[in-house]
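Heads up: the sequence lines are chains A and B, in that order.
With this note's numbering applied, the first sequence covers 1 to 337.
With this note's numbering applied, the second sequence covers 1001 to 1387.
In case anyone wonders, no lab produced these hints; they're calculated from the structure.
Where hints are given, some of them may not hold.
In silico BS3-like links for lysine-lysine, alpha-carbon gap of 27 Å or less [stated by the list, open to error]: (1) 1318/B to 246/A; (2) 1258/B to 76/A; (3) 1258/B to 236/A; (4) 110/A to 1258/B.
From the derived model, a few chain B residues whose C-beta atoms are all more than 10 Å from chain A [as the list claims (entries may be wrong)]: (5) 1040; (6) 1094; (7) 1226.
Cβ pair distances, simulated, as ranges [unchecked claim]: (8) 1285/B to 291/A: 53 to 61 Å; (9) 1319/B to 76/A: 35 to 43 Å; (10) 1324/B to 255/A: 29 to 37 Å; (11) 1188/B to 263/A: 45 to 53 Å; (12) 1324/B to 76/A: 31 to 39 Å; (13) 1213/B to 61/A: 57 to 65 Å; (14) 145/A to 1257/B: 45 to 53 Å; (15) 236/A to 1294/B: 40 to 48 Å.
Where is the CB? At the ideal position from N, CA and C, for every residue including glycine.
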Amino acid sequence: MAISRRGFLKGVAGGGGLLLVSGVPFAHARMSKELPPQAVGLLYDATLCIGCKSCMVNCKAQNSVPGGALYKKGMKAPPYDSKGPRGDEGIWDAPQELSGKTLSIIKVYKNGTAETKDTAVNGYSFFKQQCLHCITPACASVCPAGAFRKDPVNGSVYYLAERCIGCRYCQLACPFGVPRYEWDSAWPEVRKCQLCRHRYADGKYAACAEFCPTGATIFGKVVDLRNEARYRLAQKPGTEYDFPIKTVDSTEISRRPIARYAGGTYGLVEAGGTQNIMLSGVSFELLGFRKNIPNSDLPELTWHYIRKILWVFAGVFAGGTSLYAFTHRQEKEESHD
Amino acid sequence: MSKSDAFNSVSWRLGGISRRDFLKFCSVMAVGMGLPLSAGARIAEAITNPRRPPVIWLSFQECTGCVESLLRSNHPTLEHLILDLISLDYSETLSAAAGHQAEAAKARSIEENKGKFVLVVDGAIPTKDQGIYCKVAGKTALDILNETAPHAAAIVAMGSCASWGGVAASGPNPTGAKGVPEILSNKTVVTIPGCPPNPYNLLSTILYYVTFNKLPELDPQGRPKFAFSRLIHENCERRPHFDAGRFAEQFGDGLHRKGACLYKLGCKGPETYANCPSVLFGETGAGTWPVGVGHPCFGCAEKGVGFSTPMYQLATLKEMTPPVFFGEAFPNKPGVSPGIKTFAAGSAGIVVGAAGAAAITGLGAKKGGNLDQRYGRDEKNARDKEE
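Start from the sequences, fold in the hints, and give me the full structure.
Laid out in C-alpha cells, this is it:
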C-alpha cells in the first residue's frame, strides 16, 4: 500500500495533536498520591479466616446483578468456573485461580504436616486474593482507552466495558496480577473486584465483608482499617480482643485471642499503598505475594516515559523534516536552473 | 453345656430371638465399637454367660432424659438385651419395686456383689450446703454416691450432667452441681456425655466391659474413644457445603431449606467430639440427629461448649485439615512452572507429531507410488493380454 507523503504528514500531525488535546493518559498518569477523602476498603486478617469461602460464593452472587462487576446484559445466574450436572450448573464451582468469573478467591498455604494454623513450618494458612484498589492504580494509568478509572470520592478502581479495547495492558501492568480476561467469551471484558461499588447506593457494602462469619474480612474507611490493623499488631499475641465482624465500626463482635502476626500490614506501602490491606500469621512472601513490588507508586514510572513521548514525536518530525530539507536542497537548486 | 444349650437357655429371656438375629446383633455392636468382627463371637459368649453383671443405676439431678433415650431405642430386642444382659438391680425409673422395698433391693445387691457391679449414674450431684438439694430416701446424692462408688467394679457417668454437671452446673449453678468425675476424683469414671447421650454408646461400653473385663480406651475426659474421638464437623453430612461456602444465613431461608451448612447459625460441630453423624440419634429414624433435621449442633457432649456458650454463637474451629481442593500459593512447588511444562510438552508433541506425520506421508507416498506402478503394470499386462 502506498502512502502519499501528504497523507503521512497529516497522520503524524493529527496524531500528535490528538495526543495533546485528549490528554487522557496524562490526566491519569498524574493521579493523586493521597487517599481519596471517603476512601473505603477491606481489611483481611488471615488469622481469623477459616476457609469457608462464604466471601467467594456471595461475591459471585452479589456481583451478578445489574451494576455488579460480573454482570452482563441478560445474565440470570452467576458465572461459574466449572459446570455441574444439568439443572445444578455451577454447584461444583471450585475455582483454583482468579478468572473472568472469579473476582476474589481464598487459597491455602500448606507446609509439611500442615497441623497448626497460621504457622509457616508444619502449618497452614488461608489467604485471599482480589483487587487491592491501589491508591495510584497502575491499571488505570496504562489503559490507553481510559477504561479503568479510580473513583475520586471512595477510591474504588472500576472498569468501563464500553471504553475497553481489549488490549489487556492492565493485566501486564498490575503488580498483583489481578485483572483477568474473559477468554471464553465472544465479547470479552476485563474482570476484577470493584469493591461492590454498585451496592453503596442501597447502604450496603462489600459482599465479602457482609457474609464473612468470623470477621476475617471487614469493610470500612481506609483510615479506620489502618488503625485497626495497627492496633492488632501492637497487642501481645494471646490477648483477648473483640474482633469486629462485617464492618470496622460494627457492634457485632467476636471475642478471641489475638494471633501472632508475621511482619506488618500488607498494603500500606506496596505499589504506593492500597485501600485493601491484609494481616497474616505467615509472611506474605510464603503466601505467594511478590516481594519485588516497589514501594513507590507505579504510574509515576509510566509518567516518566510518557512525558518523553511527545518530544520523541517532535524530534522525529523535526529530524525528518530537516533531513528532507537537506537531501532535497540540490533538487530545489536544480529546478531553479 | 454346649454352646447351643447356652444360647437356648437365654433365648427365652431375649424374647424368643433367633440365633441368627442374636449373632447379627453381636456383630453389629462389635463393628459399632470399631472392633474386629471376630469380637462379635466373644460378645455373644459374654451375653449368654449366666453370670450377668449386676448394674446399679443411680439418678440424681436429672430430667430422666438419659433413661428415656435408652428406653426409646427400638433396635430389635434391645430392651430385652438391656434388661436381660445386665441384671438391673436398682433403677428409680425402671424398678418394679418402690419405696423401702427398692432401697432394700439396692442394699442387698451392693452387699452381694461388692466389687462386681457396674455403677451407672445420671444427673449431676449438688455439693452446696452439704448437698441438701437432692435427696433420695432421706440421703443426699453426695452421700449415696460416696457410699456406693467404692464397691463398684466400674463407674459410668451417663449424660452431660453426670459427666461434668451439664445443665444443672451452668451458671449461676445455685446448687453447686458437679459431675461424677469431679466428686470421685481418685477413680476412673467412664463419661458418656450428651443430652441425652446416645444409648448405643452406653450399651457398647457395657458390652465391652462384660466381654473383655476391662474398660474401653478413654480420652482425657473419660469418654470412650470409639465414640468421642472424632469431631462432628469432620464427619458431618453437611460438611461439603461448608467447604463450598454455602451457608444457611437464617432459619428457613433458601439455603437452609436446601440443606446447607449450619455453621453461621451457631453450629457447635466444629468444636464438639461425638459420633452423632455416624450413629445418628438413638433410633429415631433415618437422618435424625440435630444437624440432620436442620438445627445447629448444640455441643451437648463437649464440656465448655454445651450449656456454657450461647446457643447461636459462632463456634471456634478446633482442629481443621486444610482442604485439598483449594488453590495454593505455589501450586507446583518447587520446580518448573506449569506454563513452561505445558510449553515444553507441547513443543515436544509438535516435533514428534511432525516427525510422525512426515514419516507416514513419506512412506505412504512411496507405497502409493509402488502400488501405482504395480497397478499400472498389471493394467498394461492385462491390456497386452487383451491385445
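So, going through the hints one by one against the coordinates:
| no. | hint | verdict |
| --- | --- | --- |
| 1 | 1318/B to 246/A | holds, 22 Å |
| 2 | 1258/B to 76/A | holds, 20 Å |
| 3 | 1258/B to 236/A | violated, 43 Å |
| 4 | 110/A to 1258/B | violated, 32 Å |
| 5 | 1040 | holds, 36 Å |
| 6 | 1094 | holds, 45 Å |
| 7 | 1226 | holds, 24 Å |
| 8 | 1285/B to 291/A: 53 to 61 Å | holds, 57 Å |
| 9 | 1319/B to 76/A: 35 to 43 Å | holds, 40 Å |
| 10 | 1324/B to 255/A: 29 to 37 Å | holds, 32 Å |
| 11 | 1188/B to 263/A: 45 to 53 Å | holds, 48 Å |
| 12 | 1324/B to 76/A: 31 to 39 Å | holds, 32 Å |
| 13 | 1213/B to 61/A: 57 to 65 Å | holds, 59 Å |
| 14 | 145/A to 1257/B: 45 to 53 Å | holds, 46 Å |
| 15 | 236/A to 1294/B: 40 to 48 Å | holds, 42 Å |
Of the numbered hints stated above, those contradicted by the structure are hints 3 and 4, listed in ascending order.
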